[in-house]
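Taking the hints into account, I'd like the entire structure generated from these sequences.
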Amino acid sequence: MKVFKLILIAIFAPIIIGCSGEKTNAVSDQLNAIINEYQEHEGYNDSIYPLGLFTAEYYKQEADFSQGLMDKLQDIDREQLTETEGISLDLLPYVLQETIDYYKYERYLNPLLSDAGFHSSLPYMVRPLTSYKKVKNYLNKLNAIPGYVDQHLVNLREGLKKGVSQPRVIFNGYETTYNDHIVDDYSKSYFYSPFMNLPSDMSDKQKDSVIVAAKEAIEASVIPQFKKIRQFFDSEYLPGTRTSIGVSETPGGEEYYQNRINYYTTSTSYSADDIHNIGLGEVERIKAQMEEIIKEVEFEGSFPEFLSFLRSDPQFYAKTPEELLMKARDMAKRADEQLPRFFKTLPRKPYGVAAVPDAIAPKYTGGRYVPPSSSTDPGYYWVNTYDLPSRTLYTLPSLTVHEAVPGHHLQGALNSELGDSIPQFRKNLYLSAYGEGWGLYTEFLADEMGMYTTPYEHFGKLTYEMWRACRLVVDTGIHAKGWTREQVVDFMAGNTALS
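Residue 58 is where the sequence shown starts when you use the numbering used here, and the numbers rise one by one after that.
Treat the hints as calculated values from the structure; they're not laboratory data. Ideal placement from N, C-alpha and C gives every residue a C-beta, glycine not left out. The hints are all genuine.
In silico lysine-lysine, BS3-like type, Cα no more than 30 Å apart, as pairs:
(1) K191 to K262
(2) K218 to K284
(3) K285 to K219
(4) K219 to K284
(5) K406 to K484
(6) K272 to K191
(7) K406 to K190
(8) K264 to K193
(9) K285 to K218
(10) K129 to K484
Distance windows between CB atoms, simulated:
(11) E349 to E136: 48 to 56 Å
(12) R405 to S178: 26 to 34 Å
(13) F399 to Y115: 40 to 48 Å
Rendered as structure tokens:
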């Protein structure tokens, strides 16, 4: 609770206490100089992938730079700082330590997740091209893909040599993340889609030139690279990945897992056993509330039978992608309508509701908030319309308020609109303990907002709570307690309808 309060203050303190009229002093200047040095180093711009960005040497340089700033921060006298400056003094070391740990644990050797990876992040660069400058920047990014891919393949090969990889079992169906981008016609490439609607203020000559450049970039720098990725995964990486599933079974894995616990809880007070037991307690608490709803709807059957009913009854699923997207938009609009009743300050930045792009949908989550890519773009609440039998309608209200408003969009947009009252690094910082904690809080607030209109939608709220609680149990089970995949599957299937 103390950690949550600290982070809450970190985000909203400037709104509450204001910063006008604060007196500066030498210690404040000292802190601001360190913050500015960090921010200038980071750049915070929409740059292309510079050469060397993903090498071990680069990460060592970043770690050394961060350690240098950490050493400078040790000389800051907190007693001489304002409250908001003190918060910056708490947060910057947290950011710097993550950079140091990224190099220490060689995380760059394993840039893959079950639903993401170095290559599957490339489609995120596909955004509407609203200016000639953005067109040129996008072309530069496309042409930089070969160097980006080559360096990641170097890192992945080194990871295999050191016994560092993701478990082989998570790669089932992973081939879609690269095969879908291997096309015979450049114009069918997902990366070509932004060029089909170029800015109206571009001349015909500019447009013709851009189309030629786009064709060349996709044929030379995009499609061949995804072919290279396919060859690498099929012939080298997948056969070489580990058959174990727990990170504790990799070199230095136990220490690394504790490091991740510390990072995500923003605390050094929790062990894997602590997290595991918290999860078990939450499962018991939430299940009792679920049982009450099962009684309310007068379902005649056991808890597992009710979960089976939720998984199989057509009333809980959209019939078409369009229907699911329409319902999500309606839900978001209902949430928008309620905001003035609960919040005095609302963000100026709008958000849209859109389907997860086809290029990444098969391995993507059910929904997610995507922040604006620039100051002139909106945020997006992405809804996954792929594999409709896995997209439950009764969880849609809680998903919508969590990802859109009053969840991630409202929190993120307000944070970005604080002006000069906080340093830029705090605007760019996403703390999972706060961001996801805020998202969970909004699911509770949604009850007061009238977002849950049926017992099943209330059960949907509990379903997401249960999903998270189960993940506390199985994550620690896998990585610290030696659980098998079968144990994980049985635990998830026995407690949540989303499994």
